[in-house]
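Residue numbers (the numbering used here): 24 to 138.
If you are wondering where the hints come from, they were derived from the structure by calculation, not from laboratory data. Beta carbons: idealized from backbone N, C-alpha and C, even for Gly.
Now the in silico label distances, taken between C-beta atoms and shown as ranges:
#	residue 1	residue 2	range
1	Gly-114	Val-42	12 to 22 Å
2	Pro-119	Val-50	26 to 36 Å
3	Pro-127	Trp-31	15 to 25 Å
4	Ala-137	Val-94	26 to 36 Å
5	Leu-121	Ile-40	19 to 29 Å
6	Ala-134	Arg-57	43 to 53 Å
7	Leu-130	Ala-90	17 to 27 Å
8	Val-94	Trp-31	22 to 32 Å
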Amino acid sequence: MRFQGTAWVAYLIVVAIEVVACVALVVWVTLARRSDLIAPLILAVVGIHFVPLAFVFGQPIMAWAGAALTVIAVVAALLPASDIARSFWCGLLGAPVLLLAAIPCLLVGRAALAS
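My request is simple: use the sequences and hints to build the entire structure.
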């Protein structure tokens with residue numbers, strides 16, 4: 024990605040929207056006294072933002088990862104309240120998705136750097 028190109032501008036716009044959405048959601052759930060939903064909501068925002076970034080970076084695997092993270096976030100938010108925090112499920116299930124998505128991105132990136 025070139026820092027002067029359209030991909031860079033699109034990336035900055037997507038990240039700015041994501042940051043504003045995360046802050047607004049955290050304030051909202053905190054005021055509603057539902058801080059247990061912070062992790063699932065942040066994970067959902069991250070998952071949703073991966074979809075446009077798949078096009079920005081030309082990495083279709085990111086769209087798959089975004090969809091999977093969003094599903095995990097919804098499931099974590101809908102789980103019945105228990106002794107296990109919702110953030111635990113977000114981390115336990117979301118981390119492997121991110122790691123699996125990183126492998127093809129790493130391989131494509133290494134190949135691009137080598138050429």
